[in-house]
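Asker: Below, each chain spelled out in residue letters.
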Amino acid sequence: MPERSFVPSRGLVASLAVIALPLALALWASFAGETFYVTLATRIAILGLAATGLNLALGLGGLVSLGHAAFFGIGGYVAGIVASHAMEGTSVLGLPAISEMAYVWLLAAVAAGLFALVMGAISLRTSGVAFIMITLAFAQMIFYLAIAWPGYGGEDGLPITLRNGFFGLRTMRPMPFFLISFGALLFGLALFAVLKASRFGAALQAARQNGVRLASLGVEPFRIRLVAFVLSGMITALAGALYADLNRFVSPSMLSWHMSGELIVLVVLGGVGRLAGPLAGATLYVLLEHVLGGLTERWQFFLGLALLAVVLLGRGGLMSLLAPKGVRHG
Amino acid sequence: MAEPILGVSGLRKTFGALKVTDGVSLDLRPGEIHALIGPNGAGKSTLIHQICGSLAPDEGRVFFEGRDVTASTPAARARAGLGRTFQVSTVIPEFTALGHAMLAVQARQGTSFRFLRPVAGDRSLREPAMAALARVGLENRAHVPAAVLSHGERRRLEVALVLALGSKALLMDEPMAGMGSEGSRELTALLSELRREAPILMVEHDMDAVFALADRISVLVYGRIVATGTPDEIRRDPVVRQAYLGDEAS
Ligand SMILES: Nc1ncnc2c1ncn2[C@@H]1O[C@H](COP(=O)(O)OP(=O)(O)O)[C@@H](O)[C@H]1O
Ligand SMILES: [Mg+2]
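Just so you know, the protein sequences line up as chains A and B, in that order.
Using full-length UniProt numbering, the first residue of the first sequence is number 1, and each one after it goes up by one.
Using full-length UniProt numbering, the first residue of the second sequence is number 1, and each one after it goes up by one.
Here chain A stands alone, though its shape is the one from the complex (with noise of 0.2 Å):
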C-alpha cells in the first residue's frame, strides 16, 4: 500500500527543501552578520504565507480572487491600529490595545474572517470573470476607506514605532522576528496540508474540478467554497499583520489590486494548489526583486518572462519542475 510506505516521495522532499530555503538564508545571514538578508528572509516567509492562505481558496477551491489585498491589509492596519493606541495607551473600540502579536493575529483573523463572510456570500454566488470583478471591488471599497480616513494616516500610511511584542522576545531584532514569521509560515503550511488531506478538502477539491457532481451527491459546493474563503482570508491576513510589524509601517499600497494580483503571481509562478507552491513562487519574487532590482527599475519586466516561461511550459508552477504531481484521493 503506497500510504503505508516511509519512503519520501519527491514531493516531500522538494517541498521540505522550498520550506528550509528561507530558514538556511536567515541563519547564514545571521552569522554572518547580514542583517539585510534575514529581513529578506522574512519578506519570503510572509509572502509566503500570505500566498499559502489564497493557495486555499485559488489552488484547492479553484476560486480566482482578486481580492485578497483585502485580507493582507486588514491585517496590516489592525497590527498597526493596536500598535499605535497602545503607545497612546487608549482603546481600539472598546477593546484593550494590548500590543501583543498573539492578540493582534486574533483580532486581524477575526476581522478578515468576518469581512471574507460577506465577500464571499456574495462573490460566491457567481463565478469567473464575475467572481473575480466582485472580489475586487470589495477589496478597492476597503483601499478608498483607509485613504479617506484621515485617523489612521489616511493616505500616507501610518507607521509603527515599536513592533508589537511576542511573549517577551526582542521583535526589534531582525533573528526573533524572522523566527516569529516563520513560524507563522509553519503553521499556515501544515494547516494548508492538514486541511487539503482531510474530507473537507477532499469536497473543497471536488467543487473545483466538478460542483455539480458534488451537489449530486449532497453537498452544496456553495458552503464548502465559502468556508474555504473565509479560512483563506484569515492565514492571508494572519501574514499581513507580521508584514506591518516586518515594515514598521502598514500603507493603503497593503490594500491595492496590485497586492491581490502579486498574491496571484506568487501562487502561479509557483505551483497552483501545491503544498510549497506560494512558499516557492515568494522566493523567487524576493529574489529576483533582489538581484534584478539593484540592476533595473525595470525587474518586473523579467519577473513577467518567468511568469510567462512556467505558464507556458512548467504549467504546475516552480514546484512541478521540482517534482511532477502524483495522482491523488484514493
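Think of the hints as simulated: they come from the structure by calculation, not from any bench.
One or more of the hints may lead you astray.
Said to hold, decoys possible - Some chain A residues judged to face chain B by a derived CB distance under 8 Å, without partners named:
no. : residue
1   : Leu-195
2   : Leu-217
3   : Ile-224
For glycine and all other residues, C-beta sits at the position ideal for the given N, C-alpha and C.
We have chain A already, so just place chain B with the ligands on it with the hints.
Answerer: Using the frame of chain A, we list chain B with the ligands on its own:
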C-alpha cells in the same frame, strides 16, 4: 397500492417558444422501475433536470416522500435521498474511482466539514466505498483516476456513487448509453436487483433493457406524456406504436 415515493404534478417548462415540458404528471412507487421513453428531443433529460432540481420548472410541483421539494436545491434533494446518474458521465477528473466513492460516503455521513483527520486510510470511508465499487465490478479499478476510466467504467462508477450514497430513489438518465451489449446485460441485472432498495425512474433508449426491466413505462412525446402502462400495455398501444415505437415493438 403503496404511496408513491416520488411525485411530479403539472410540470411545465418552456425554452422560448418551445414547450419542453408540457404539463407532465407522473410518479414512482416503492420497488418499481418506471421507464421514461420517447424520441430524441422529447424533453426527457429536461424533465429529469427539473425533478433533481438542476432546472427550475415554470409551473408544477415535485414531491419526494410526501414533501414538496420544488424549491429545494439539487444538493438538498440528494440529501433527502433522491439520487441521480447523469446522461453524460460526470466525474471529478483528478479523483480516483475510490476517491469518488469515499466522497459519496462522507456526503452520506454528512461529515464534509471535518477538517483534521486525513481521508487516506480512513476505514470508515474506505470500506463502504470499496463495497459500493465491488457491487458494480470496479473494485480492481479503485485506484484509477476517473479521467483515465473507460466510458463503460464511468457509467458503472455513476451507479456505484448512488449505491454509496444509499439513495432512497434514483433518477437515471440513459444508464445504458454506450455500454456495449455485455455491459448492458450486467447493468440490467444490477438495476433489476437494485429496484428493491431504491425504486428507479429511468430514461432509456435501449428498448431491450426497457422491456426487460420496467414495471411501468411512460412515453413522452413533445413534452407530453402520451401513455403510461405496463410494458405489455405500451407494446399494444396504437398511439405509442405510431408515435414512437414503430417496428421495434413488434
Ligand atoms: N437549456 C436549454 N435551452 C434551450 N433549449 C433547450 C435547453 N435544454 C434542452 N433544450 C431543448 O429542449 C428539447 C428537449 O431536450 P432534452 O430534454 O435534452 O430531450 P431528450 O432528453 O428527450 O432527448 C430539445 O429540443 C433541446 O434542444
Ligand atoms: Mg436526453
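Asker: Each hint: holds or not?
Answerer: Hints versus structure:
For the restraint placing Leu-195 of chain A at the interface with chain B, the shortest Cβ-Cβ distance is roughly 6 Å, inside the 8 Å limit, so the hint holds. Because the beta carbon of Leu-217 of chain A sits about 4 Å from the nearest beta carbon in chain B, less than 8 Å, this interface hint is met. Interface hint at Ile-224 of chain A: satisfied, since its Cβ lies 7 Å from the closest Cβ of chain B, which is below the 8 Å cut-off.
In summary, the structure agrees with every hint in the numbered list given earlier.
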